[in-house]
Amino acid sequence: MPKQLKLTVSLSQSTKNWLFWARWLLIFIAIALGWFYSVDIVYWGILTLYTVQFSLLSYTNPNFSLRHQLAFGLTCDTLFMTWVLHFIDGVLSGLISILFLPALVGSLSSRRSLAWGLTALAILSYSLLMYLQLKQIHLGHLSHDNSDMSSHLLGMLTTFCVAVVTLTGFISHQANLLRRNQKKLVQLQEQQWREKQIVALATLSANTTHQIATPIASAKLLLEEWFEDHPNQAPSSLIEAKHQLERCQSVLQSQVIKSRQKDPNLIERVDLQLWLTQLCQDWWVGHNEVTFDYKINLENTYVNTDQNMMFSLLNLLDNAAIACSNEQEPTITLIAGMSGNQHASIHILDNGPGFTEKMNDSLGKQFIESENGLGIGIALAAAGIERMGGEVTLENTPSGSMITICLALTN
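Numbering (my numbering), first residue to last: -2 to 408.
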């Protein structure tokens, strides 16, 4: 995935490199034209100023972004081209079409706002050159038939405006389509990459379930035989160990039964209030070591859910329990309510140490490193919830951390 994500950066960098050489070519052309037309000192001063700003823009690393560099550079290019054209026959110069270039480059490489801004600047520059040319015509310097020449120049202005607006609109539209398709492609590749990891983890989990079932059954059988041989001598530690083994065996059996009975791809429409309440009650049965409180206010709300959605929420609750397990009084609070008219939000708060910035940045993209667990619970939960159109965010609170799940409601 990182290789694909670099595509947008490399595109902007290649545009910057192309503009670097194009501007040097423009400078050399301006020098040649200035030498040929024997221009005054002001021309050379503007050329020197443009070269200095271009060099500073190319060889330094300004604080503003690459997009702002592009906007500033193309604006300066347009103004400089206008100045050069003014000294070489103005609007009648054969190089007048060079005013197209900044607007077209902006259409290809940046947002529509910059493209249309450069288009407006190009039209304004052309109009200014046209005004200066018409002013000379009316003074009688270029033609005896001023009326015909003025009409011809106005026709040139109209043609230029139509051409630059049409090209900018078409190229901007196509460039935006390419960017959207590229973004969708990146998202699909991220999803495919994440699903491959989840499938690999699911396969590993299934194999692990079968592998640990036999040792658990053997250990339970050995304890039962020991209790039969020593009916009145069983210490409390062995009794507790037997209960824990029975719990492990029960959990494994229930998971296997659920996986066989339900299609993981089956999507059901459920009452969110009842579904979430039942899920909280079921989870609390096996986690009496924490203080758990839930407040659900989602009457007459429905969501589409599947088996993965249920496991995702259970995973998040398990992670919250692990996070605050070292606290003196581990506490978890679940608060669910409406978030606007079309979404429901579920907040899971704990009094643990909180999240690191790396964990928040890695959410849903890779398995998260964790000192207290395997680091896969949150990654799996995010994938399962996003698959149903939801969203998971992590944030720290003064008393610990909070996980927010946003779910889209159905009519």
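Treat the hints with caution; some may be incorrect.
What the hints assert, rightly or not - Pair ranges (Cβ atoms, derived):
| no. | residue 1 | residue 2 | range |
| --- | --- | --- | --- |
| 1 | Ala214 | Gly283 | 53 to 63 Å |
| 2 | Asp86 | Trp41 | 10 to 20 Å |
| 3 | His340 | Leu175 | 49 to 59 Å |
| 4 | Thr72 | Cys158 | 16 to 26 Å |
None of these hints come from the bench; they were simulated from the model.
This one's a predicted model, so the numbers in the text were calculated from it and none came from an experiment.
Yeah, the Cβ is synthetic: ideal placement off N, Cα and C, and Gly gets one too.
Tell me if the beta carbons of Thr72 and Cys158 are separated by a distance inside 16 to 26 Å.
Once the Cβ atoms are compared, 19 Å apart, the range 16 to 26 Å for Cys158 and Thr72 holds.
Do the beta carbons of Ala214 and Gly283 sit within 53 to 63 Å of each other?
violated, 20 Å
Please check whether Asp86 and Trp41 have a Cβ separation lying inside 10 to 20 Å.
Between Asp86 and Trp41, where Cβ atoms are some 19 Å apart, the hint holds.
Can you tell me whether the CB distance of His340 to Leu175 sits inside 49 to 59 Å?
violated, 31 Å
Hint violations for this structure: numbers 1, 3, all remaining hints satisfied.
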